[in-house]
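*Asks:* One-letter residues, chain by chain:
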Amino acid sequence: MTILLFTIIVLVGAFCAGLLGSLTGLGGGVVIIPLLTLVLGVDIHYAIGASIVSVIATSSGSAAAYVKEGITNIRIGMFLEIATTISAVLGAVITVYLNPSFIAVVFGMILLFSAVMMLRKKVDHSDNDTSGKLATYLKLNGSYPTAEGPKSYAVHNVMGGFVMMFFAGIISGLLGIGSGALKVLAMDNIMRIPFKVSTTTSNFMMGVTAAASAVVYLHRGQIDPGIAMPVTLGVLMGATVGAKILIRTKTDKLKIVFAVVVTFLALQMIYNGMAGNL
Amino acid sequence: MEKKVKTYFADKDVQYILGTLLRVGVVLSMTVVSVGGLIYLLVEHSNTADYHIFKPELAEFSSISAILSGVLSFNGKAIIQFGTLLLIFTPITRVVFSVFSFLIERDYMYVTIGLFVLSVIFFSLSNKLVG
Numbered sequence: 001m002t003i004l005l006f007t008i009i010v011l012v013g014a015f016c017a018g019l020l021g022s023l024t025g026l027g028g029g030v031v032i033i034p035l036l037t038l039v040l041g042v043d044i045h046y047a048i049g050a051s052i053v054s055v056i057a058t059s060s061g062s063a064a065a066y067v068k069e070g071i072t073n074i075r076i077g078m079f080l081e082i083a084t085t086i087s088a089v090l091g092a093v094i095t096v097y098l099n100p101s102f103i104a105v106v107f108g109m110i111l112l113f114s115a116v117m118m119l120r121k122k123v124d125h126s127d128n129d130t131s132g133k134l135a136t137y138l139k140l141n142g143s144y145p146t147a148e149g150p151k152s153y154a155v156h157n158v159m160g161g162f163v164m165m166f167f168a169g170i171i172s173g174l175l176g177i178g179s180g181a182l183k184v185l186a187m188d189n190i191m192r193i194p195f196k197v198s199t200t201t202s203n204f205m206m207g208v209t210a211a212a213s214a215v216v217y218l219h220r221g222q223i224d225p226g227i228a229m230p231v232t233l234g235v236l237m238g239a240t241v242g243a244k245i246l247i248r249t250k251t252d253k254l255k256i257v258f259a260v261v262v263t264f265l266a267l268q269m270i271y272n273g274m275a276g277n278l
Numbered sequence: 001m002e003k004k005v006k007t008y009f010a011d012k013d014v015q016y017i018l019g020t021l022l023r024v025g026v027v028l029s030m031t032v033v034s035v036g037g038l039i040y041l042l043v044e045h046s047n048t049a050d051y052h053i054f055k056p057e058l059a060e061f062s063s064i065s066a067i068l069s070g071v072l073s074f075n076g077k078a079i080i081q082f083g084t085l086l087l088i089f090t091p092i093t094r095v096v097f098s099v100f101s102f103l104i105e106r107d108y109m110y111v112t113i114g115l116f117v118l119s120v121i122f123f124s125l126s127n128k129l130v131g
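The listed protein sequences derive, respectively, from chains C and E.
Per my numbering, the very first residue in the first sequence carries number 1; after that it's consecutive.
Per my numbering, the very first residue in the second sequence carries number 1; after that it's consecutive.
Simulated from the structure, these hints should not be mistaken for laboratory data.
As the structure is a computational prediction, the values presented were derived from the model and not from experiment.
There could be a bad hint or two in this list.
[To be verified] These stretches of chain C come out as covered by chain E in the derived footprint (C-beta under 8 Å, 3 or more residues):
no.: 1; segment: 1 to 8
no.: 2; segment: 53 to 61
no.: 3; segment: 172 to 185
no.: 4; segment: 216 to 225
no.: 5; segment: 241 to 250
[To be verified] Cβ-Cβ distance ranges computed for the label pairs, FRET-style:
no.: 6; chain 1: E; residue 1: GLU105; chain 2: C; residue 2: LEU267; range: 45 to 53 Å
no.: 7; chain 1: E; residue 1: GLU105; chain 2: C; residue 2: LYS151; range: 18 to 26 Å
no.: 8; chain 1: E; residue 1: LEU38; chain 2: C; residue 2: ASP252; range: 35 to 43 Å
no.: 9; chain 1: E; residue 1: HIS52; chain 2: C; residue 2: THR130; range: 30 to 38 Å
no.: 10; chain 1: E; residue 1: LEU28; chain 2: C; residue 2: SER143; range: 48 to 56 Å
no.: 11; chain 1: C; residue 1: ALA275; chain 2: E; residue 2: ILE104; range: 51 to 59 Å
no.: 12; chain 1: E; residue 1: ILE104; chain 2: C; residue 2: LYS133; range: 24 to 32 Å
Using N, Cα and C, we set each Cβ at its ideal position, and we do this for glycine too.
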């Protein structure tokens, strides 16, 4: 395959991945890695390097819109970044010593988990009951603006969330994805932060976490310009278009279709990983 | 009066500056990547794309110094990597700004936390982790 043809295929694929990723909230990386490895036969280490760059692009691109609304809780983000940056660097350091087959199987399992999380009805567990000592000490509790004035919320189980974030960071560093599904689990379910705050805060963290592991990948030569260029440009364009469509489209049916696609990709990754084809 | 100004600066303006900064960072880095991509395609479009096996030893532009010297000779690949570097630094700059805003708020606990996060990133940037 010539470089021109390869670039065009990856660009189109990445655009679709970014579009679907932003419409369903799953992110672009989860589709682009199977596309590169299963369809184009790219080594998974290159696919991971290219994907992490696209994670930085989409998270920084959408953060620009979020930040204006001013509901990111920078303290929660900064505190949890202690966990995610350390673990993301750790994940990025060890990923190269792992067998590509093993990475593919782990990737497939995270993909299945993400599909389930996407379909599950999200329940806002937030309240303003008394939170633990740690949340108060770290000044994590906050408030966000609503139509009826500012609404306060309390943060729960800080240590539990911190540990879950550490795990999310390892997965992010190992697989080159944002691991948004795990971050949602940590913030919405364990720490019980309201959606309006958790979505933007997780997005803020995603860019920083991805940057931490991206520098490790870069030094190792895992970020190849020939792959990273079409992946990043394609995913970012797709995500930008997706964000515009999202405002006036219902995504319920799309999510089911996408969940089926993702499940198929996940099984393919697991199968090919176990068969040693990757 | 002075305190009011400070809080306003920390809460509103910093958020606004950060939003603009992120967008500028993304647009700038993507422009650089596109320019590099065009040069790369013009020069190498008919070569064969071979990524079947991970060969880190073939990576030409995997350090900041190599990227910078490649950019000076208008190498397409190096310009793409330079754009990627700019993109990587975009969220890092956001952390730096947050540390400053905590400093203005005199919240030294979070200044320390922010500096710790930065030191983790800069430690991995120092190239000691990749053997």
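*Asks:* Against this structure, judge whether each hint is valid.
*Replies:* We went through each hint and held it up to the structure:
Under the rule that three or more residues need a Cβ within less than 8 Å of chain E, the assignment of the segment 1 to 8 of chain C holds, with 7 such residues. Taking a C-beta to C-beta cut-off of 8 Å, the segment 53 to 61 of chain C contributes 6 residues in contact with chain E, enough for the three needed, and the coverage statement holds. Figure legend: the segment 172 to 185 of chain C, annotated as covered by chain E; annotation inconsistent (0 residues with Cβ-Cβ distances under 8 Å, at least 3 required). Three residues within the 8 Å Cβ limit are the bar, and the segment 216 to 225 of chain C against chain E gives 9, so the coverage statement holds.
As drawn, the segment 241 to 250 of chain C meets chain E at 0 residues by the rule of a beta-carbon pair under 8 Å; below three, the given contact is violated. With their beta carbons about 50 Å apart, GLU105/E and LEU267/C fall inside the hinted range of 45 to 53 Å. Distance hint for GLU105/E and LYS151/C: a CB-CB separation of about 22 Å, consistent with the stated range 18 to 26 Å. Restraint check, LEU38/E to ASP252/C: a C-beta distance of roughly 40 Å satisfies the suggested window 35 to 43 Å.
Against the hinted window of 30 to 38 Å, the Cβ-Cβ separation of HIS52/E and THR130/C comes to about 57 Å, which falls outside the hint. At about 34 Å, the CB distance of LEU28/E to SER143/C disagrees with the hint of 48 to 56 Å. Roughly 57 Å separates the CB atoms of ALA275/C and ILE104/E, a value that falls within the hinted 51 to 59 Å. The hinted window of 24 to 32 Å between ILE104/E and LYS133/C holds, with their beta carbons roughly 27 Å apart.
Hint check: violations occur at hints 3, 5, 9 and 10; the rest are consistent with the structure.
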